Structures are given as structure tokens and as C-alpha cells.
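Make the full structure from the sequences, and use the hints.
Quick mapping for you: the protein sequence lines, in order, are chains A and B.
Under our numbering, the first residue of the first sequence carries the number 1, and numbering increases by one thereafter.
Under our numbering, the first residue of the second sequence carries the number 1, and numbering increases by one thereafter.
By construction, these hints were calculated from the structure, which means they are not laboratory data.
Predicted, not measured: the structure shown is a model, and the values here were computed from it.
Calculated pairs, DSSO-like style, for lysine-lysine (alpha carbon to alpha carbon, straight line, at most 30 angstroms): (1) K269/A to K445/B; (2) K137/B to K396/A; (3) K324/A to K3/B; (4) K425/A to K137/B; (5) K326/B to K392/A; (6) K392/B to K423/B; (7) K425/A to K396/A; (8) K269/B to K393/A; (9) K393/A to K326/B; (10) K137/A to K3/B; (11) K326/A to K392/B.
Number of protein chains: 2
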Amino acid sequence: MIKPRTTPGVMELLPRDQIAFQRMLDVIRRNYERFGFLPVETPVFELSEVLLTKTGGETERQVYFVQSTGALEQGGQPELALRFDLTVPLARYVAEHEHDLAFPFRRYQIQRVYRGERAQRGRFREFYQCDIDVIGKDALSVRHDAEMPAVIHAVFSELEVGPFTIQLNNRKLLRGFFEGVGIADGERQALVLREIDKIDKRGAEAVRATLVGADFGLADDVVDRIMAFVQVRSTSHADALAQLEALGAGSEVLEQGRSELREVLELLKGYGVPEKNYALNFSIARGLDYYTGTVYETTLDEHPQIGSVCSGGRYENLASHYTKSKLPGVGISIGATRLFWQLREAGIVSTAESSVQALVGLMDDARLPDSLDIARRLRAAGINAEVQLEVKKLAKQFQYADRAGIRFVLLYGEDEAARNVVKVKDMASQDQYELGREELASVLKVELEQLRAMGKR
Amino acid sequence: MIKPRTTPGVMELLPRDQIAFQRMLDVIRRNYERFGFLPVETPVFELSEVLLTKTGGETERQVYFVQSTGALEQGGQPELALRFDLTVPLARYVAEHEHDLAFPFRRYQIQRVYRGERAQRGRFREFYQCDIDVIGKDALSVRHDAEMPAVIHAVFSELEVGPFTIQLNNRKLLRGFFEGVGIADGERQALVLREIDKIDKRGAEAVRATLVGADFGLADDVVDRIMAFVQVRSTSHADALAQLEALGAGSEVLEQGRSELREVLELLKGYGVPEKNYALNFSIARGLDYYTGTVYETTLDEHPQIGSVCSGGRYENLASHYTKSKLPGVGISIGATRLFWQLREAGIVSTAESSVQALVGLMDDARLPDSLDIARRLRAAGINAEVQLEVKKLAKQFQYADRAGIRFVLLYGEDEAARNVVKVKDMASQDQYELGREELASVLKVELEQLRAMGKR
Numbered sequence: 001m002i003k004p005r006t007t008p009g010v011m012e013l014l015p016r017d018q019i020a021f022q023r024m025l026d027v028i029r030r031n032y033e034r035f036g037f038l039p040v041e042t043p044v045f046e047l048s049e050v051l052l053t054k055t056g057g058e059t060e061r062q063v064y065f066v067q068s069t070g071a072l073e074q075g076g077q078p079e080l081a082l083r084f085d086l087t088v089p090l091a092r093y094v095a096e097h098e099h100d101l102a103f104p105f106r107r108y109q110i111q112r113v114y115r116g117e118r119a120q121r122g123r124f125r126e127f128y129q130c131d132i133d134v135i136g137k138d139a140l141s142v143r144h145d146a147e148m149p150a151v152i153h154a155v156f157s158e159l160e161v162g163p164f165t166i167q168l169n170n171r172k173l174l175r176g177f178f179e180g181v182g183i184a185d186g187e188r189q190a191l192v193l194r195e196i197d198k199i200d201k202r203g204a205e206a207v208r209a210t211l212v213g214a215d216f217g218l219a220d221d222v223v224d225r226i227m228a229f230v231q232v233r234s235t236s237h238a239d240a241l242a243q244l245e246a247l248g249a250g251s252e253v254l255e256q257g258r259s260e261l262r263e264v265l266e267l268l269k270g271y272g273v274p275e276k277n278y279a280l281n282f283s284i285a286r287g288l289d290y291y292t293g294t295v296y297e298t299t300l301d302e303h304p305q306i307g308s309v310c311s312g313g314r315y316e317n318l319a320s321h322y323t324k325s326k327l328p329g330v331g332i333s334i335g336a337t338r339l340f341w342q343l344r345e346a347g348i349v350s351t352a353e354s355s356v357q358a359l360v361g362l363m364d365d366a367r368l369p370d371s372l373d374i375a376r377r378l379r380a381a382g383i384n385a386e387v388q389l390e391v392k393k394l395a396k397q398f399q400y401a402d403r404a405g406i407r408f409v410l411l412y413g414e415d416e417a418a419r420n421v422v423k424v425k426d427m428a429s430q431d432q433y434e435l436g437r438e439e440l441a442s443v444l445k446v447e448l449e450q451l452r453a454m455g456k457r
Numbered sequence: 001m002i003k004p005r006t007t008p009g010v011m012e013l014l015p016r017d018q019i020a021f022q023r024m025l026d027v028i029r030r031n032y033e034r035f036g037f038l039p040v041e042t043p044v045f046e047l048s049e050v051l052l053t054k055t056g057g058e059t060e061r062q063v064y065f066v067q068s069t070g071a072l073e074q075g076g077q078p079e080l081a082l083r084f085d086l087t088v089p090l091a092r093y094v095a096e097h098e099h100d101l102a103f104p105f106r107r108y109q110i111q112r113v114y115r116g117e118r119a120q121r122g123r124f125r126e127f128y129q130c131d132i133d134v135i136g137k138d139a140l141s142v143r144h145d146a147e148m149p150a151v152i153h154a155v156f157s158e159l160e161v162g163p164f165t166i167q168l169n170n171r172k173l174l175r176g177f178f179e180g181v182g183i184a185d186g187e188r189q190a191l192v193l194r195e196i197d198k199i200d201k202r203g204a205e206a207v208r209a210t211l212v213g214a215d216f217g218l219a220d221d222v223v224d225r226i227m228a229f230v231q232v233r234s235t236s237h238a239d240a241l242a243q244l245e246a247l248g249a250g251s252e253v254l255e256q257g258r259s260e261l262r263e264v265l266e267l268l269k270g271y272g273v274p275e276k277n278y279a280l281n282f283s284i285a286r287g288l289d290y291y292t293g294t295v296y297e298t299t300l301d302e303h304p305q306i307g308s309v310c311s312g313g314r315y316e317n318l319a320s321h322y323t324k325s326k327l328p329g330v331g332i333s334i335g336a337t338r339l340f341w342q343l344r345e346a347g348i349v350s351t352a353e354s355s356v357q358a359l360v361g362l363m364d365d366a367r368l369p370d371s372l373d374i375a376r377r378l379r380a381a382g383i384n385a386e387v388q389l390e391v392k393k394l395a396k397q398f399q400y401a402d403r404a405g406i407r408f409v410l411l412y413g414e415d416e417a418a419r420n421v422v423k424v425k426d427m428a429s430q431d432q433y434e435l436g437r438e439e440l441a442s443v444l445k446v447e448l449e450q451l452r453a454m455g456k457r
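This is the structure:
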């Protein structure tokens, strides 16, 4: 006998949690499609040679290699590896199919990715990423940078996770500012930002001590200016514009970043994103080196400890390893597995009602054909229905529906048959009522639509 | 520069084909949910020790093993392997979560599986399986065996793949019949059936020669009876019952199989499955040894060369490697990747219209806020809309929509603004008309619903 178990670091859910998770993925997908993004799926494995282009980062990502039985026996380096994100597969896809795609190419991709993380609570070796990207050929208008927050707003409003803020920054603005205080080297900028990131943990004074210390050797007034800069958070649309203004004149690259942020802010209004849902945050840089313009993070106002739930940005060139074409793009990613896990930990999402909306009970074998007929009518009306195929005690049937989270139990016994009605028990309200067999499906359909509209399902 | 490419044996699609494929998966999922099946997803990899229980078949399936960078460097046997079907993960899942599940447990699972097949046209190393199973604890009524064809009927009717037939048989009936002609050994029965399977290729006489020859040594009249038996195909519901009757008295196990088939046939009527969509076929055994009762195959009447598009059956015990509990079940599987590939080869599915339903064009930068507002209204009404964010020649915008398969192009220039109307071009009919800006979304919504109802989308 083998103990049934999975490897640590995967999220496997019981059905009611899976239903809740599936609804989250459905909301994300629906909103991605609403904004005109097209679906792409790529294989779970890529050729190792194609996946590992040695731009760094791969080793930290602990790639999983794949070998068939035959290849394993022969030895040698594995030919295949599991994707560790959706960006490299996108680059490969766009380069491979370049001549069959229309640009700007707008794709969404909702698939799992793999990282050989050490086993640790809240760390996943397999997790969903839900990405959108717009890829231009040669050039891509900064207007697309404003689309991303519009999509984020649509997704997170519908996910009902409470108030959230889309934090905006621009790498050019950041670069221009740092150059202005004499830190021209990109890596040095990144190191300073990493120190600044520790303010919450270490305190401002400790961080200041490090920056003026031997490692960085920055002047006091430079540290002052950096600290003031990275603490900028806008409080409204007008304030965001004012904060940009308040930076004063800067280098060409700073001016470029400022003008891009202004344009993005202006378009956000056009997209109908409420000003309470976005803010400038000059501390945001995003880890990846490859962002070059607008960058995004999204935080839940009431759950800051969760960190960013949706991040991304603008990059200069998607697929330089695979094609000579210049392919600038902008994109965002939602790590749905981690998000779901954290929302559940924080008590923001709970176990869903069942995807089964009605259970047709059975009290008498002779009534089975009636049960099947009733279920058929419900299904034809678009209601998900399960039929109790074996006679059980009534109390057991109710208990089953209750535990499974099924909203309605329908009964059709001798008494109901005589009057051609179906008894309906609403498991949530405990109401019982009767409906004519012919009208049953349409009435329950309206009932379920009303519950959905009221956000009760 | 690395050549962008994937490993052979995977199906990667361009967006319009991906949309068509996604619609197929959506139809399957929707119908699985209609019948009250609950979603389950399992990790792509299982612990090798758990996955490879040495019941045979694994080596032929050419398992893919998985190792992280660190494990690879250390050497040793891989701890993880990719699932090669959804049945073993289901067995592990049910055994692991046994005490948290309600039985009969009804689950659907739509995920990809992996087999190290040799590269060959139409053979896939990565493909979707779409499975449903009902698992009982200790026992499971044969009534559930009738649910499977009801679901198959619902799925394939909605997939619009032309007329199809669900072929039914029962392993007990088969076993009873073979025992009746003196072939009691299960493996020998399987070998005879495999020969019979070659009738189409080799001809009846060649097969007969083999069966009466040295390898099998069967008597002439036994071969006659076998050949007559396996050629039984019912032509109607009444004929199916008559064919069962015509078998005459048999052993206990034959009688059991006959009575199960009778009950399944009777219930199919209750489920509302038209009799043209099912038939007895006594030649069906299914490769896997583990089926013990009802077995199913589904064929497209006009495309027999495709073979079975949905198969499955009843099994005695799902998870004997993982638990002492007896878990009988019944299930079916659709190999969606292969099905889609074959339907496309046969010209039955074609490239879909885009998931984007409307393109809001742009003729003048000053009108961009109006474009965004129009798109926002469309999206609020549930219409998938893309906005042209940069001014292009009108002809180019129409050409883009045409190639992308976007149904409606909306224009709002100076002239339209003056009258507060939006110009609509239907790319399919080439009709052009104007709608008030306020009514636009609701009118297009109705239009799209009508197109859907007419099966045009």
C-alpha cells in the first residue's frame, strides 16, 4: 500500500475550494477578454536550449528539467524544461509566429508555471500566472500603458477583494532622478532602492546610516533627497499631477518619464478608472531589470501585508534572443495561486456554494423517470443539476445538499405527482414552496439570476 | 540568436484556432457542470513512487520524469513524474481526501497529460483529457452507468460535430459469452478480440484462418459463433433489447451483464437520449484491463476513420494501491487535443470568429476619450471590445478587423459626433448603419445574442 500524497509546494483543493478558485480564474479570463485580449496557450515544457537563454535569473528560479524514460536511461542533459514564467514562452511564441500575428499583438495566457522552490509555507512550486501583454512591432504607443490599470481595475473590482490601489511609477523618471543626484549606474540605483525597501523593517534611521556609510558613501543631502523622493504617494488625480510638477526640471530621461506618466494618468480618466484606485508611488522599481518605462504594482488597502497582487510594466524588447525584430511591449501578471491562498488565509475569500445549483431528490424508485425529466428541464434552462439516483432517507438528502453547498433541493413524491407540482427547498433560507412542474425551471432560473445579481452567488 | 521552436508532439495554436479550441473545452466543461460534476485539478507532477504503482502499462506510456536543477546535479532517481492520465491522479486524490469527500463523488477534470510518444503526425506528447467519473464507496448503482451516455449526448450535440453514436457493451456479457464458447481465460479472450479487431484490415477470411490455426486452435463452429456475436450492432432501442434477448440463456455472469445493459438502455430513455444516438456493439472491450462492466465508445457517423472520440466504462475498484476502501466507479474521457486536431483535419471545425466582438476605430486623436467611453459602455454590457489606440487609415482598420475575425467595427468621427451617433460596420454582412451612442451597447448585445442563437457564432 502506497501512502497517497503530493509533493510539498503544490496547491490541491477540495471541490468547494476549487469552485471558488475557478470562479477567480473565470473573472480574470472574462475581463481579459472584455478588453480584447486573445487567448494563447503554450506547452508546459520548452526545449531547454530555447528556455534557458542565459540572461540570468534562471538558476535562482530553480528550473525543473524533464526527461522521458528512454532519455533518462541514456543519460545526458535533459532536452526539455518546465516553463518558470509565461514571459519567455510568449517571447518564443511571438518570434516563432511573428508572420502570422497582427501587431500590436494582444494576448492573455492563464497557465501554470514551475519553480523548484524550497518547501516553505506560502511558497509554491506550481502556480497559476494570469498574464496579459500588448506587443508592438518596432514601436508601441504609451497609450497601451494606460490600458493595463484599466484591466486591473476591472478584474479586482469584480473579484470583490475590497478597496485596492494601483501604484504607478516610471523607470525613466526613476533613472532621471537618480542621475540627477549623481547615481548614474543602473546597478547602483537598484542597490540603493533595495536598501530603501527595508525602511519598514529596519527603520528610516538605520537605512540612512547604511546609505551614508562605507558601502554607499552617499552625502547626507543626497540621502535626504532620495528619501523624500521615494516616499512620494499621490492622494488624488490632481495631486498626482502636482507631484509630477513638484519634481522641478530634470534631465531629458526624467522629462520623458514624467510626460509618459502624465499621459497614462490622463488616459486613466478616459478609461473610467476612479481616482481612488490609482496613485503614484515613486519607490516602485520592480525587480526585473528589463522594465524600461511604466511599472505597476497593486495592493489591497486593507491587507498591505499581502504585498502586490498584480504587477508588471513596459519593456523595450521582448524577444531579442529569438528574433532581430524589435518588439516593445507592456504587460501585467496576476499570480492567482498565491493570491487565492493569501485571500483565504486573510479570510477574504471563503468556500463557495457548489457549482451544482439543484439536487433532485428521490424518495421512491418508481419516480426516477420523473426525477430525470425534471433534471433535464433544469439543465435545458441552464441550471446545473444533480439527480439522486438511489433512494435515501430525506434527512440524508438534505444533509448532503447542505454539506455540498447545493442551493435547492427538489422533491417530487406521490403527493406532488398527484398535483403535478415540485416541492422546492431553499437550503440557504430554509424556505419551502411548490412550483408547477412546467414552470419550475424558468422560475428557478430567475431566482438564481437574482441571487447572482445580489452578489449572493 | 536561438531558433524559436517547440518540441515535436505538442499542439500550439494561433489565436483564432485557440479560440475555437477554447470553445470546445468550454462546451465540455459547461455540460459536465450541468450534470452536477464538481471540478478537481491536480498538480501536473506526482511523486514517482505514487504515480508508478507497477500495475503495468507505465513503461509503454513512456513517463516523463521531472528533476529540479539541484536534484539533477546530485544525480539519483527523479522524485517526480508528469501524469500520463487523469485516472491515477484521481485515485490518489480520492484516497488522500477520502474523509473530506461525499460519496458518490462526482468529479470532472480538464487538464493536460504527458506521454513520451515517438514524434509522429497526430501523436501528442502533451494533450488535454476531459474526464468525468462517479466514485462510490463500497458500492455504486448501475444507474450511474446510464448517466455517462447522457452526458456524452449533451456534449457532442452542443459541439455540433454531426451525427454520432454512443456504442455500448458490457464486459460481463462479453466474459459470459466467451466462457460459454469455452474460452474462460481473460487474456485469451483479449487476444481473440484483438484478432477480431483486424477484420476491417485483413478481411474476415484471413482472421478466421488465424483463429482456427495453430495459434488459437479454435473449432470452426466456435469461430462462427464468435464472429456472429461480435458483429452485433443494434439499430434502435427495441432492436437493442431484442438483440440482448436473442443471445439466449447464459451463465450467471452473462445474465448479470445482460441485466445491466437492459437497465442502462431503459434509463437512457429517461435521460432523453434519442435512440439514434446509441447502439449496442458487442465487439467493444476497451484496451484497459480494469473495466469490469459497462463500456463505451463514441463514433462520428460520417467520420468513422477518426475512431472513438469519447470512451470509458465501469471499474471495480479505483484506488486499491492507496486505500483499503473499496471504491467502484464509472467514467468517460474525451481526448480534446486529438479530437480538435482530427476535426480540423476532417474540415469539421474551422477557425473561429474572434473572441473580440467589436473594434472601436480611431480616425482622430481628439476622439480617443470618446472611443474609450464607447468601449466602456460595450464592456459593461458584456461585449468584448478592443480600442484602436493609434490613428490609422480607415482601410487598414477594416482590414485588421477582417483578418482578426472581429464582427463589428465602430466609428465615431466628427460627423458622427455632431449627431451623437456611432457608425457600425458589420464585417460579415458588410452592412453599415448608425446607432445612437446611448443605445449602441444594448442593440449590439441583442444582435450578438441573436447571432449566437442562430449558431452563427
